[in-house]
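Novice: Same order as they appear, the protein sequences are chains V and A.
Residue numbering for the first sequence is 1 to 575, as defined by UniProt numbering.
Residue numbering for the second sequence is 1 to 354, as defined by UniProt numbering.
In case anyone wonders, no lab produced these hints; they're calculated from the structure.
Be a bit skeptical, because a hint or two may be false.
Unchecked claim - With the Cβ distance kept under 7 Å, some of the chain V side facing chain A (calculated, not the full set): (1) Y152; (2) I247; (3) A248; (4) S331; (5) I332; (6) N336; (7) G536.
Said to hold, decoys possible - Cut-off 25 Å, straight-line C-alpha distance, at most; resulting in silico cross-link-like pairs (SDA-like, lysine to any residue): (8) A/K168 x V/G155; (9) A/K168 x V/L325; (10) A/K145 x V/G155; (11) A/K244 x A/A309; (12) A/K150 x V/F329; (13) A/K150 x V/H143; (14) A/K150 x V/G146; (15) A/K150 x V/V208; (16) A/K330 x A/K150; (17) A/K168 x V/G153; (18) A/K244 x V/G155; (19) A/K244 x V/F341; (20) A/K244 x V/L212; (21) A/K244 x V/V140; (22) A/K244 x V/T340; (23) A/K244 x A/Q311; (24) A/K280 x A/K145; (25) A/K145 x V/F145; (26) V/K275 x V/L325; (27) A/K244 x V/T73; (28) A/K323 x A/D208; (29) V/K109 x V/L319; (30) A/K150 x A/A121; (31) A/K244 x V/Y142; (32) A/K323 x A/K150; (33) A/K150 x V/F341; (34) A/K244 x V/K275; (35) A/K244 x V/L325; (36) A/K244 x V/F346; (37) A/K280 x A/A62; (38) A/K145 x V/L325; (39) A/K150 x V/D150; (40) V/K275 x V/L212.
Small disclaimer: the values here were computed from a predicted structure and weren't measured.
Don't be surprised by glycine CBs; every beta carbon is placed ideally from N, CA and C.
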Amino acid sequence: MNLPLALPPTQKARRSRPTRATSHRGTSVWLVLAIVLVAMTLLLGLPVSKLLAAGTSPAGLEAIGASFTTDVTTLTNSLLLGALVGIVGTMIGLVSAFAQVFLVFPGKKLLHWLTLLPLISPPFAAATAVITLFGRRGIVSYHLFGLELDIYGLGGLVLVVSMTFTPLAYMNIRGMLENLDPSLFEASAALGSSEIRTIFRVMLPMIVPSLLTSFLILFVEGIADLANPLVLGGSFRVLASQIYFAIAGSGDIAAAAGIALVLLVPALLVFVIQKYWAGKKSVVTVTGKPTGRIRPMESLAVRIPVLTVVTAWMALVILVFGTILVGGFVSILGVNNSFTFEHYEFVWRLGSDAMRTTLTMTLVAAPIAAALAVCIAWLVVRHFQRFGRVLDFVGMLGSAIPGTVLGLGFALAYSQPTWLFGQQVLPALAGGLAAGAGSVAIVMVFIARGIPTGQQASISSLKQINPQVDEAAISLGANQFTTFVRISVPLISPAIITAVTYAITKSMTTITAIIFITTPQTKVMTAQILDEVDAGRFGNAFAYCTVLIVMVLVILSITSLLLRRLNRSKRTTSS
Amino acid sequence: MRITTKLSAVTVGASLMLTLAACSPPEGQGATTTAPQATGSLNIACSQQEDFCQAITAAFSAATGIDATYVRLGSGEVLARLETTPGEFDVWSGGQAENHLIADDRGFIEPYVSPNAAALAAEYNDTDGVWSGFYTDSVGFCSNKAELDKLGIDAPTSWDDLLDPALKGTVSMPHPATAGVGYMAMFAVDTLNGGAEDETIDYFRQLDENVLQYSKSAASGTELAGRGEVAVAISLDSDCVKAKEAGYSDLVTSYPEEGTGYEVGAVSILKDARNIDGAKAYMDWILSTDAQNLYADVPSYAAPTLADAQQGASVPDQDAVNKVTWDLQKAADSREPLLARFESDVASQTSATE
Numbered sequence: 001m002n003l004p005l006a007l008p009p010t011q012k013a014r015r016s017r018p019t020r021a022t023s024h025r026g027t028s029v030w031l032v033l034a035i036v037l038v039a040m041t042l043l044l045g046l047p048v049s050k051l052l053a054a055g056t057s058p059a060g061l062e063a064i065g066a067s068f069t070t071d072v073t074t075l076t077n078s079l080l081l082g083a084l085v086g087i088v089g090t091m092i093g094l095v096s097a098f099a100q101v102f103l104v105f106p107g108k109k110l111l112h113w114l115t116l117l118p119l120i121s122p123p124f125a126a127a128t129a130v131i132t133l134f135g136r137r138g139i140v141s142y143h144l145f146g147l148e149l150d151i152y153g154l155g156g157l158v159l160v161v162s163m164t165f166t167p168l169a170y171m172n173i174r175g176m177l178e179n180l181d182p183s184l185f186e187a188s189a190a191l192g193s194s195e196i197r198t199i200f201r202v203m204l205p206m207i208v209p210s211l212l213t214s215f216l217i218l219f220v221e222g223i224a225d226l227a228n229p230l231v232l233g234g235s236f237r238v239l240a241s242q243i244y245f246a247i248a249g250s251g252d253i254a255a256a257a258g259i260a261l262v263l264l265v266p267a268l269l270v271f272v273i274q275k276y277w278a279g280k281k282s283v284v285t286v287t288g289k290p291t292g293r294i295r296p297m298e299s300l301a302v303r304i305p306v307l308t309v310v311t312a313w314m315a316l317v318i319l320v321f322g323t324i325l326v327g328g329f330v331s332i333l334g335v336n337n338s339f340t341f342e343h344y345e346f347v348w349r350l351g352s353d354a355m356r357t358t359l360t361m362t363l364v365a366a367p368i369a370a371a372l373a374v375c376i377a378w379l380v381v382r383h384f385q386r387f388g389r390v391l392d393f394v395g396m397l398g399s400a401i402p403g404t405v406l407g408l409g410f411a412l413a414y415s416q417p418t419w420l421f422g423q424q425v426l427p428a429l430a431g432g433l434a435a436g437a438g439s440v441a442i443v444m445v446f447i448a449r450g451i452p453t454g455q456q457a458s459i460s461s462l463k464q465i466n467p468q469v470d471e472a473a474i475s476l477g478a479n480q481f482t483t484f485v486r487i488s489v490p491l492i493s494p495a496i497i498t499a500v501t502y503a504i505t506k507s508m509t510t511i512t513a514i515i516f517i518t519t520p521q522t523k524v525m526t527a528q529i530l531d532e533v534d535a536g537r538f539g540n541a542f543a544y545c546t547v548l549i550v551m552v553l554v555i556l557s558i559t560s561l562l563l564r565r566l567n568r569s570k571r572t573t574s575s
Numbered sequence: 001m002r003i004t005t006k007l008s009a010v011t012v013g014a015s016l017m018l019t020l021a022a023c024s025p026p027e028g029q030g031a032t033t034t035a036p037q038a039t040g041s042l043n044i045a046c047s048q049q050e051d052f053c054q055a056i057t058a059a060f061s062a063a064t065g066i067d068a069t070y071v072r073l074g075s076g077e078v079l080a081r082l083e084t085t086p087g088e089f090d091v092w093s094g095g096q097a098e099n100h101l102i103a104d105d106r107g108f109i110e111p112y113v114s115p116n117a118a119a120l121a122a123e124y125n126d127t128d129g130v131w132s133g134f135y136t137d138s139v140g141f142c143s144n145k146a147e148l149d150k151l152g153i154d155a156p157t158s159w160d161d162l163l164d165p166a167l168k169g170t171v172s173m174p175h176p177a178t179a180g181v182g183y184m185a186m187f188a189v190d191t192l193n194g195g196a197e198d199e200t201i202d203y204f205r206q207l208d209e210n211v212l213q214y215s216k217s218a219a220s221g222t223e224l225a226g227r228g229e230v231a232v233a234i235s236l237d238s239d240c241v242k243a244k245e246a247g248y249s250d251l252v253t254s255y256p257e258e259g260t261g262y263e264v265g266a267v268s269i270l271k272d273a274r275n276i277d278g279a280k281a282y283m284d285w286i287l288s289t290d291a292q293n294l295y296a297d298v299p300s301y302a303a304p305t306l307a308d309a310q311q312g313a314s315v316p317d318q319d320a321v322n323k324v325t326w327d328l329q330k331a332a333d334s335r336e337p338l339l340a341r342f343e344s345d346v347a348s349q350t351s352a353t354e
């Protein structure tokens with residue numbers, strides 16, 4: 001085939017709306033739509049509506065009222081934390097991405113992987129490591145520099161939460177920077193601008209949308225985070241932990257649902273702004289391939305500050321993850337540094353069950369999440385342009401809804417059997433009595449959380465493929481679904497790798513979304529890490545975290561290897 | 001594009017109807033579907049530390065041949081889970097007796113008097129057969145000696161010592177809502193105040209000045225103290241010894257001389273247990289000398305309740321501790337009002353004064 005498979009790269013940034021492949025939709029399209037709609041209703045519709053019902057009950061409304069009156073500080077604290085995390089994380093992400101795209105320096109590849117590493121950090125890992133390193137008796141702060149830092153509260157939270165979510169900003173901004181047209185920089189230089197001036201007058205204005213997007217994504221993650229405030233929140237109260245205390249302490253589900261709704265509003269608001277305002281100006285791809293050749297910047301005024309920030313950032317990541325690694329092998333890091341295997345023995349004794357279960361559930365959830373993500377993208381881009389916006393929005397809710405809130409919704413919706421018009425359509429799915437001992441609900445949460453990123457990647461990827469390719473296949477007699485599977489899917493395989501990768505990472509590391517639905521028979525690794533942190537056994541927690549990180553890395557490499565091989569074989573047979 | 005507009009309207013409508021319909025099971029049918037079915041395996045809600053739960057569960061299975069699994073949950077968490085998913089657990093093992101009474105008040109307990117309960121002292125048995133006690137320990141102050149020396153003060157020996165301005169921001173207290181010990185401390189102070197709730201709240205407001213953070217669980221405070229992040233943690237004496245033995249060698253335990261709270265760690269059988277025979281077998285077993293002899297090996301530093309059970313060398317001697325008169329029923333009844341006031345008058349006050 002000699003058809004142009006993709007639009008020329010320079011057209012990516014301002015491509016026109018692709019036209020649909022054909023004017024009528026075959027049965028396969030309707031079938032996929034029906035599957036997606038049912039899935040979305042189960043994954044999001046039911047939990048959210050149950051949550052709304054509980055949150056608007058009298059007790060729920062009372063809790064909502066209190067959030068705006070007597071306890072308004074908790075709300076403002078959450079918003080403040082979200083805003084600061086958004087700013088700090090976006091700045092670090094910007095600088096790292098900039099260094100990656102525009103500078104030449106030793107350790108560039110290392111920076112890339114180190115920046116991505118926090119993506120797979122299990123909950124609590126960073127917080128406990130930071131206490132060990134920078135606490136009042138921290139190894140670095142106190143024993144090395146004699147400082148008594150107070151990291152409990154806003155300062156420590158911003159540090160830890162920003163660090164955890166900076167990778168999202170980094171990927172987002174890097175994708176956009178790589179898509180910038182190098183000729184703009186050449187023009188700027190030819191007109192006599194210094195590199196600094198070019199950065200501020202040419203580059204930054206062009207990537208404002210992705211900066212804003214990063215800020216908003218990090219804002220939502222910041223207000224939703226539960227694990228870190230529990231460990232080093234100090235007296236800084238946030239809504240996410242309020243929900244947890246309401247449930248775990250008092251069993252006050254209505255109040256928890258009320259507070260959850262308070263948390264849901266800013267999250268959704270921010271999401272809508274991001275999607276329909278910031279997002280309108282650009283389609284950011286997290287898989288962005290380098291376009292053209294960008295000439296590296298050389299002036300010291302640029303290199304020195306950027307490389308300073310980058311070095312500090314790399315040092316922080318190395319320190320934190322080094323602590324996790326080392327902490328698993330010594331008795332009590334910072335107190336008794338003798339070498340031991342006891343933590344790993346503990347983890348092996350108690351955790352092998354959880355490892356198996358978590359792995360199995362992840363391997364079930366990830367392909368489903370990726371398939372749903374790709375199907376949604378296909379429907380949105382190729383078949384339902386108007387209605388697609390609704391569909392796109394619904395799919396994205398999986399990450400727009402704070403994890404704590406979604407998890408609570410699942411507990412409310414699926415602890416009891418589901419009824420439809422007087423018929424029981426589903427047995428209970430959450431809780432120890434449920435089908436599969438509650439694992440079904442957990443897998444569903446994994447799927448809901450795993451869809452959005454893959455969906456975004458697939459949508460932008462699909463938009464880059466000229467619809468004429470599809471039309472050619474259809475005119476040769478293939479039906480729409482065959483065309484999709486045989487032509488589109490291989491072409492967007494990088495996006496599919498992203499989808500699967502994300503779904504796996506999200507599933508393995510999520511805690512906030514499943515904390516209310518774990519059961520006796522279904523042990524999850526992150527929940528067990530929480531128990532170890534709770535019991536004050538950081539060594540065990542560190543060992544657990546290391547095992548989890550290694551597991552994620554191994555699965556990811558195997559998956560990407562398999563997918564790449566699959567993709568290659570498809571490409572060779574089709575050409 | 002009229003069709004897509006229509007389509008979106010239809011879908012939104014359909015999913016709304018679906019979700020609304022799903023909200024309302026037909027009258028009288030909702031409950032029957034969750035009727036308990038007997039299962040071979042025993043589900044334990046375990047309110048002890050993870051390694052204790054694991055060892056005890058395994059030992060029980062080995063001794064009786066009954067397959068058993070557990071989930072480690074704090075007392076508050078168990079109460080919440082009983083509310084959301086009743087019937088999930090067969091037996092509740094560990095946690096203060098008053099929490100088992102609360103569960104009973106809410107109708108979650110199936111009374112059972114084990115034949116082995118007769119060997120227990122009176123204070124370790126409920127007269128109505130709601131629970132029996134299988135371990136006991138007390139609220140203490142778990143201090144880091146090195147940190148105290150730096151501050152130039154001695155280990156606290158009264159509740160008022162904790163209010164010392166020298167301790168500002170260096171005390172850790174478990175959150176009373178999620179950790180039983182936090183509430184035990186509250187109720188101990190309340191008992192010392194003769195039940196004057198305002199005075200109790202006033203005390204914890206003052207203490208709040210010195211509190212670094214309210215930890216979700218009791219044991220994490222001993223870790224903070226062991227590391228020197230705080231000077232004093234309000235904790236169980238058994239947890240303090242446990243942390244010390246684990247390698248935090250600077251830790252020392254002291255008690256408020258005027259009287260402290262203590263816990264009777266209780267076991268009870270839950271209503272609608274799917275494995276009622278297994279649950280009874282568990283209760284019989286944990287109240288046996290053979291089972292309680294195991295505490296020393298786990299190691300748990302809580303004292304066994306059977307007089308003839310072996311006690312580990314480092315287990316705090318409970319007879320030497322001055323305890324307040326613990327009115328279990330009152331402790332159970334006061335939990336909700338005290339927690340509500342803690343939430344509204346103490347904890348949220350913190351952020352307001354920042």
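Novice: Quick check on V/N336 please, does its C-beta sit within 7 Å of some C-beta on chain A?
Specialist: holds, 4 Å
Novice: Min Cβ distance, V/Y152 to chain A: is it shorter than 7 Å?
Specialist: holds, 6 Å
Novice: Is A/K150 within 25 Å of V/V208, Cα to Cα?
Specialist: violated, 51 Å
Novice: Check the hint pairing A/K168 with V/G153 against an upper bound of 25 Å on the C-alpha distance.
Specialist: Roughly 15 Å between the alpha carbons, so the hint for A/K168 and V/G153 holds.
Novice: Straight-line Cα separation of A/K150 and V/F341 no greater than 25 Å?
Specialist: Not satisfied, since the Cα-Cα distance of roughly 33 Å exceeds 25 Å.
Novice: Are the Cα atoms of A/K150 and A/A121 separated by 25 Å or less?
Specialist: violated, 44 Å
Novice: Compare the distance between the alpha carbons of A/K168 and V/L325 with 25 Å, and conclude whether the hinted pair is satisfied.
Specialist: This hinted pair is violated, its Cα atoms lying about 34 Å apart.
Novice: Next item in the hint list is V/S331. Is there a CB on chain A closer than 7 Å to its CB?
Specialist: With a closest approach of 5 Å, the V/S331 hint holds.
Novice: Next pair to validate is V/K275 with V/L325; report whether the Cα-Cα distance is within 25 Å.
Specialist: violated, 38 Å
Novice: Is the shortest C-beta separation between V/G536 and chain A less than 7 Å?
Specialist: holds, 3 Å
Novice: Do the alpha carbons of A/K323 and A/D208 lie within 25 Å of each other, as the hint requires?
Specialist: Roughly 24 Å between the alpha carbons, so the hint for A/K323 and A/D208 holds.
Novice: Starting from A/K244, check that the Cα of V/G155 is at most 25 Å away, please.
Specialist: violated, 30 Å
Checked against the numbered hints given earlier, this structure breaks hints 9, 10, 12, 15, 16, 18, 20, 24, 26, 27, 30, 32, 33, 34, 38; the rest are met.
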